[in-house]
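Chains as they are written, first to last, in the working numbering: chain E, 10 to 112; chain B, 10 to 112.
No wet-lab data here; the hints were simulated from the structure. Heads up, a few of these hints could be off.
As the list makes no split between identical chains, a pair holds if one copy fits it or if it spans any two.
[Stated by the list, open to error] Below 27 Å or equal to it, Euclidean Cα-Cα: the simulated DSSO-like pairs (lysine-lysine) are:
| id | residue 1 | residue 2 |
| --- | --- | --- |
| 1 | Lys88 | Lys27 |
| 2 | Lys74 | Lys85 |
| 3 | Lys88 | Lys30 |
| 4 | Lys30 | Lys74 |
| 5 | Lys88 | Lys101 |
| 6 | Lys88 | Lys76 |
Take a look at the letters that make up each chain.
2 protein chains.
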Amino acid sequence: MKNTKKNISVRRLEQVAKILKTIAHPVKLDILELLGEHNSLSVSSLCEMVDSDCEISMMSHHLAKMKDNGILVSEKDGKQVYYSIADRNLLKIFNCIDNCNFD
Amino acid sequence: MKNTKKNISVRRLEQVAKILKTIAHPVKLDILELLGEHNSLSVSSLCEMVDSDCEISMMSHHLAKMKDNGILVSEKDGKQVYYSIADRNLLKIFNCIDNCNFD
DNA sequence: AATACACTTGAATAATTGTTAAAACGTTCT
DNA sequence: AGAACGTTTTAACAATTATTCAAGTGTATT
Chain E
10 MKNTKKNISV RRLEQVAKIL KTIAHPVKLD ILELLGEHNS LSVSSLCEMV DSDCEISMMS
70 HHLAKMKDNG ILVSEKDGKQ VYYSIADRNL LKIFNCIDNC NFD
Chain B
10 MKNTKKNISV RRLEQVAKIL KTIAHPVKLD ILELLGEHNS LSVSSLCEMV DSDCEISMMS
70 HHLAKMKDNG ILVSEKDGKQ VYYSIADRNL LKIFNCIDNC NFD
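Required output: the full structure, derived from the provided sequences and hints.
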């Protein structure tokens, strides 16, 4: 019956949705790709490297949201804050989507 | 230089973001999982099978959006409309996320 | 042709996200 | 202590997305 697994399943779907929602933004995806290549980057480096204009405040917002949702971790070193990917398995999502042919 | 690959890259990031945005919703993910198991389902069957209350109009909106974005295809058979997944490689996204450990 | 059924559409509203700019915070350097 | 730098936070506003409900379409049944 539906009721038995309802709560577990709905919760999982909500968690997956939350993760996808968090990264479903061009700049956030760009950040993930850059961190995929460079392991750990400061806020201002990311700002320079990202493929679109992004003010430092906006970058900080993006990073904070991804950190809040467990996708990134950060470490402070002097004046800079370095961000990196919490679980690099997430990067497979790019292959996964690149393998799909839509319209 | 940034400028050379800017347009290609930004476009790709936007496409990926669009796909993720389209499916980043618990009911839409549920629909995808059900269509992963059953290949093709009518709107009202999906409504009954989905793990949360979803009126038929809402279901139709969900399906239309996913179809508009190339994620689903549909086929009419008499009074019913059957939906299925355009490219089942997309289903790998579930494994991809299940393999990640976020707090 | 009238009814019922399966689904879609549209419009109105609620809810969530994205963006911007200014102020605040903590660290280093002088 | 004061200035400069890198980052975060806040609050206000714009933009997008989700939800609901009523009306509309097309197909079958009588």
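A quick look at each hint next to the structure:
| no. | hint | in the structure |
| --- | --- | --- |
| 1 | Lys88 with Lys27 | neither (31 Å within a copy, 35 Å between copies) |
| 2 | Lys74 with Lys85 | within (17 Å within a copy, 42 Å between copies) |
| 3 | Lys88 with Lys30 | neither (30 Å within a copy, 34 Å between copies) |
| 4 | Lys30 with Lys74 | both (11 Å within a copy, 16 Å between copies) |
| 5 | Lys88 with Lys101 | neither (32 Å within a copy, 40 Å between copies) |
| 6 | Lys88 with Lys76 | within (19 Å within a copy, 48 Å between copies) |
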